[in-house]
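Build out the structure end to end from the sequences listed, making use of the hints.
There are 2 protein chains.
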Amino acid sequence: MDIRQLPTPALILDQRRLRTNVRAMTERARTLGVNLRPHCKTAKSAAVAKLAIEGNFGGITVSTLREAEYFLDHGIRDILYGVGIAPNKLDLAASIAGKGADLKIVTDSVTMAQAIAAHGAPHKVLIEVDCGDARGGITPDSPELLEIARTLAAAPNVVVMGVMTHAGQSYDGRNPEAMARIAEQERASAVRAAERVRALGLECPIVSVGSTPTATFARDLSGATEMRPGVYVFYDLYQTGIGVCRIENIALSVLATVIAHRPKDNVMLIDAGALALSKDRSTEKLGRNGDCGFGLVCDPVTLAPIPGLKVAAVSQEHGRVTSEEPLPFGRLPVGSPLRILPNHACITAAGYDAYQVVDGSTEVVDRWGRCNGW
Amino acid sequence: MDIRQLPTPALILDQRRLRTNVRAMTERARTLGVNLRPHCKTAKSAAVAKLAIEGNFGGITVSTLREAEYFLDHGIRDILYGVGIAPNKLDLAASIAGKGADLKIVTDSVTMAQAIAAHGAPHKVLIEVDCGDARGGITPDSPELLEIARTLAAAPNVVVMGVMTHAGQSYDGRNPEAMARIAEQERASAVRAAERVRALGLECPIVSVGSTPTATFARDLSGATEMRPGVYVFYDLYQTGIGVCRIENIALSVLATVIAHRPKDNVMLIDAGALALSKDRSTEKLGRNGDCGFGLVCDPVTLAPIPGLKVAAVSQEHGRVTSEEPLPFGRLPVGSPLRILPNHACITAAGYDAYQVVDGSTEVVDRWGRCNGW
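Those protein sequence lines, which keep their order, are chains A and B.
Residue numbers for the first sequence follow our numbering, so the first one is 710 and each next one is one higher.
Residue numbers for the second sequence follow our numbering, so the first one is 710 and each next one is one higher.
Mixed in with the good hints there might be a few duds.
Copies of one chain are not kept apart here, so a pair can be met inside one copy or by any two copies together.
With a straight-line Cα cutoff of 25 Å, these simulated SDA-like cross-link-like pairs (lysine to any residue) come out [unchecked claim]: (1) K808 x P796; (2) K973 x R905; (3) K973 x T820; (4) K808 x A830; (5) K988 x D1000; (6) K759 x G1017; (7) K759 x Q878; (8) K833 x P716; (9) K833 x V1010; (10) K833 x F1038; (11) K833 x L715; (12) K808 x V1074; (13) K973 x Q894; (14) K833 x H970; (15) K808 x P716; (16) K808 x L995; (17) K973 x A1021; (18) K994 x R907; (19) K973 x R859; (20) K988 x I956; (21) K988 x G999; (22) K994 x G784; (23) K833 x Q823; (24) K833 x R883; (25) K994 x I956; (26) K988 x C1080; (27) K973 x I1015.
Hints in this document: simulated from the structure, not taken from any laboratory.
Set out below in structure tokens:
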């Protein structure tokens, strides 16, 4: 079937682009001498995860315990749950480990380390380190780092597996030089934390870093053992805007249909709105020239952007396409298919339960499920 | 079970508030002398729809054909699909009607009217009128209105059911007076369009208007036959901010757990981020005093806002809670449950496959499914 026969909106994944992206990142990891532990929160798909771990050691990162269960059901065992664990999730984490997952959980708090110790069930734990993002994590030189390590190490049910950090601030980088500097902060913070943990006499086998920008521009990851980029499997307009990929790398698009013309306003409406595209406005940060609205409008066959056309506004099921030039109403009558490139692939994909897979053309070759929710 | 035993994040629906909201809107419709055709795109839930049509004529509005199928499966027949139909959706629309739905579709285009006529299958159609929102619809005095009506009326497979309009601009209203004026524009536009269609000798049994703000503040709906508010079932911070409801009317909240403290930054992290809360920032438009960030933080038991606390930033699975005053870290240790009121209920709810239903307390009394996707 051709994508143009699909009900719209539909989420289209070009596996040719996906394969290019995952091969390139696998090669990056090899060059940098670290394991690649892809963050599967972007695709939440077993089929994508299997491509992403091909040629790698086989471990993945997830953002929810539901993902952990799902990927285990699909045969992936080595799973890092990368969001700080809460007490109410320990039973489920233990149950997933009990079903055969080599599950690692994460904490940055002494209180939580005590709760993990008190929980009694076996847990493998990484300590989360803040390398400048100021989201999760403790700074590598903080006294809490050692207190958490000691608390965990003293518990017979716990194995301290190492440290992890995420340079979320790399998304504010705008050039390779800046992102290479942030990658070095990320590496140095994780390595410093690992050294301090090891100085307690503990093993610290995993030193985990990573974001797509830092994985792309890191010059050296000495001391790190693995990296965890995520969005590189699909890329998106934000990653393009900050120079991490080219627009031709973006593997994900939303197929939409023109449902109305408003020639007086130089607007056409499509059937992809806030739920189909998400309300993510990441590219707003990139200023007037980089701002892609709620997505760029592309030819449905070539996936080449139609110059100037973007989705300027959305309501729940309507997208409002405009341009500074007159819109090509004649060439795009009501009923015309279009493809929209997303601001932020992770968030757009979350509106769908499956990918319609193509392979460099418009022929649907497969349908890959996703694991949404919690 | 108490909600505090649920895995988090979870979507909590207080049916006591919901029942108050649906009763009040049913009473509004009765006072105004019109049918209430609730827009079920907000809840996408058969259980909610059944409460909303209680005491009303039984018809509903939907925003996707998947919703139409779902509600038909749950015994609701009279369904208005309120988004402009596209040629690629006609087969599905006909098939849903063939399964017993009294389905009405909508168009605002001569081309599309021709496609509906040419489709051959039986279709009931409303013409979409623009009353100032400049989204879908043609203006009531436009020549296209008559051309669409004539095109449809000439087709043996089509019944022209009437006209519909939606005053989306009511969301820009800030006081009852302004919203009453917009409600009058909405009413007058629909009635004017209906008169012109009737002047062609056509029946025009349905004259459909509505949004939650205009339904709330309309003074007179003479000539309209029905109204289609949607978000009133749950309300949200945006509706509160523009004065359409009180904060005590908001029936929907996201249950989250504190997963980290950053006392130096006066920040705590919760496990509800961009997917659990959505990236909707509707309240940003309300200015500094009305801006609720990505949601207001509430006591998990009373659902009363904790003064000053809001979710200031989100990443995929992290929410960053801050306040201008020092956060109550001691009172909210890691592991504490919180409830977050959403900016925009329709968009937040879309991240979940079900509601955990409570009835004025924290006891989970039911689980109601949702119909997501397309």
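Against the structure, the hints come out as follows:
1. K808 x P796: The answer is within: 20 Å in one copy meets 25 Å, while 48 Å across copies does not.
2. K973 x R905: between (66 Å within a copy, 22 Å between copies)
3. K973 x T820: Result: close only across copies, 17 Å inter versus 61 Å intra.
4. K808 x A830: within (13 Å within a copy, 53 Å between copies)
5. K988 x D1000: Answer is both; intra-copy 14 Å and inter-copy 17 Å each pass.
6. K759 x G1017: neither (37 Å within a copy, 45 Å between copies)
7. K759 x Q878: This pair counts as neither: shortest intra-copy Cα distance 28 Å, inter-copy 47 Å.
8. K833 x P716: Intra 45 Å, inter 21 Å, cutoff 25 Å: inter-copy only.
9. K833 x V1010: neither (47 Å within a copy, 33 Å between copies)
10. K833 x F1038: Neither: 59 Å inside a chain and 27 Å across chains, both beyond 25 Å.
11. K833 x L715: between (45 Å within a copy, 23 Å between copies)
12. K808 x V1074: neither (33 Å within a copy, 30 Å between copies)
13. K973 x Q894: Classified as between; 20 Å across copies, 52 Å inside a copy.
14. K833 x H970: Answer is between: at 22 Å across copies they meet the 25 Å cutoff, but 57 Å inside does not.
15. K808 x P716: between (38 Å within a copy, 19 Å between copies)
16. K808 x L995: For K808 and L995, the Cα distance exceeds 25 Å both inside one copy (45 Å) and across copies (49 Å).
17. K973 x A1021: within (16 Å within a copy, 39 Å between copies)
18. K994 x R907: Neither, since 40 Å and 51 Å both go past 25 Å.
19. K973 x R859: Result: close only across copies, 23 Å inter versus 69 Å intra.
20. K988 x I956: For K988 and I956, both the intra-copy (20 Å) and inter-copy (24 Å) Cα distances are at most 25 Å.
21. K988 x G999: both (17 Å within a copy, 19 Å between copies)
22. K994 x G784: neither (39 Å within a copy, 47 Å between copies)
23. K833 x Q823: Close inside one copy (14 Å), not across copies (64 Å); limit 25 Å.
24. K833 x R883: The answer is neither: 36 Å in one copy and 53 Å across copies each exceed 25 Å.
25. K994 x I956: Classified as within; 18 Å inside a copy, 32 Å across copies.
26. K988 x C1080: both (20 Å within a copy, 20 Å between copies)
27. K973 x I1015: within (20 Å within a copy, 47 Å between copies)
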